[in-house]
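*Asks:* So the protein lines, in turn, are chains H and V.
1 is the number of the first residue of the first sequence in the working numbering; add one for each residue after it.
1 is the number of the first residue of the second sequence in the working numbering; add one for each residue after it.
Rather than coming from a laboratory, the hints here were simulated on the basis of the structure.
Don't take every hint at face value.
To be verified - Covered by chain H, according to a simulated footprint, are these stretches of chain V (three or more residues, beta-carbon under 8 Å):
1. 25 to 33
2. 36 to 49
3. 75 to 88
Where is the CB? At the ideal position from N, CA and C, for every residue including glycine.
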Amino acid sequence: MAASAFDLLANLDAHLDDLETITMIPGSIPRVLQEWGALARASLQLLWARPRHPDANARRLEALLDSLAATPGDHPLPPPGTALMAITTTIGCTAEVMRTRIVTSPAARDQVDDAIRASLEAALARAARWTQLGFQTVDGPPDPRIVRLAGIDAVPYRSPALHAWRSIGPTDPGIDGAVSRWEAAAREAITSPHTVTQLALQLTSADIALLCASTSTVIQRAIQSGALPRSQVAVAALDAAEMSWRESARWPRELRLGGRATELRPASAALRQCLDHALRNGDGWKTAEELFTDTRFEQHIASLHSGLQAGLRVGRQVVAAVDDVTHGTSRVWLDTSRIPMSARTEQARLDAFRYDWRPNLAARDSAEALNHNARDAVARLGHATPLTIEALAARRSLIESRDTDEGPWETVPTILDPLRAAQDQARLAMILPTCEPTHTIGR
Amino acid sequence: MPEPNPLSLANSYLGLAADQLLADDQGSAAALFVGVECLEIQSQVSELGAEGSLVVAVVSPSEALAAAADLLDLDGRAQVSTLAQQLRCLSLAVS
């Protein structure tokens, strides 16, 4: 099942709620301390996996966790344990998801960095307060490290940018699984210069164009429904990327690179059917209402963003493959009828062997154009992909602006409100000076 | 030049249709979905041994798909007939 850092942090809150309903039983202090060792190790992993690590703000927390992580104990701890174990597992999974390499904007990395640190500190503080209370209940001595953690005053913060870090696999249902299987098949089909074919490269490029078009549509529908702010930046970038990949999928008729694309074809068809089923209704895209009835728009965007990230990885392989067939040792084939007259002597020799195609020479115009198209498409996708998450992250500012909206009432500034101004002045006049009254020297 | 056989001609028409659908200036999603499906069918037809480098008349995507379907029908194999049927549906979708 696909999971994002956002989902895992929400799950962490649920586990903390469960933990707080449990009472510590006498004799469990050594075991709880061992579990804290595991929790500290997982937390350190998460701190190190953050996009902006190393960060001076987290040094004190790291030092504290380091001392807890050194607690001796079995690795892994045998069951049954306390609910702290579920918290450790969730934090460990989040660290694993945060190690996923993705292309993001600096703003998204900053937001996620803050969100991870604040959420982790808040979670550790809650777990530490439960532990502290438990130790008191069973008349155990307080652990100074737990006491210090319990004193952390942090509020968990969920940035929508956390949706960008996701873990998907081939057995996942829906678009996630289809993307994962497609990425593996495309990579297999195009990375070897011996097996790469024109149709595999064309199909891969067209599939990436489909992913761009799908993401653009979901963002447009989210804007139409008022869920996202009215900004066309991401939509325009995705549409430009789509057109570039469509162009990259078009090969000139005089070039050819034959062979099979047998393994890629079913994966490509499955991806297309999945997108069609989830996002389209007959010949057109679904409406916002149809799209977001069963699935929240954040989930759609997160899923498609994972698709774009996969598209970016595969797109780079397309560029490498096209570059190889343009300049490498195994060249794309060129229709000899398109060779200029100066090369006719060579063609005459080839004609003697009844050849109509010959390996394309390096720097031939049409193959160079293919190369240029693929590079342009990757660059545009690299620009558009982070903007997808930026569009989602902009939702926060939309909510904030709604929260501060005071409705139809007019707010009168203090300076213009004579009654309030008079009250403020009276209040200021009543404030006593903070210094001691000066003693006068009497006669 | 290779002997022009129905599968090769069908392959050329498929290539023509896919190229036009992907180039669609309107950026239509329907054209994109059909274009990708065309490439997929072209890949299947290529694996049946068709070369597909023949020059064919430039016609609309819908006509090219219908022509490819007619040519595939000439082959007679059940597997190829299924592809022909699929192409007729696509031809209607983009007409």
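*Asks:* At a Cβ distance under 8 Å, does chain H reach at least three residues of the stretch 25 to 33 of chain V?
*Replies:* holds (count 5)
*Asks:* Mind taking a look at whether chain H covers the stretch 36 to 49 of chain V? Criterion is 3 or more residues with CB to CB distance under 8 Å.
*Replies:* holds (count 9)
*Asks:* Taking a Cβ-Cβ distance under 8 Å as contact, does the stretch 75 to 88 of chain V have three or more residues in contact with chain H?
*Replies:* It is violated, with 0 qualifying residues against the three required.
Going through the hint list in order, the structure does not satisfy hint 3, though it satisfies all others.
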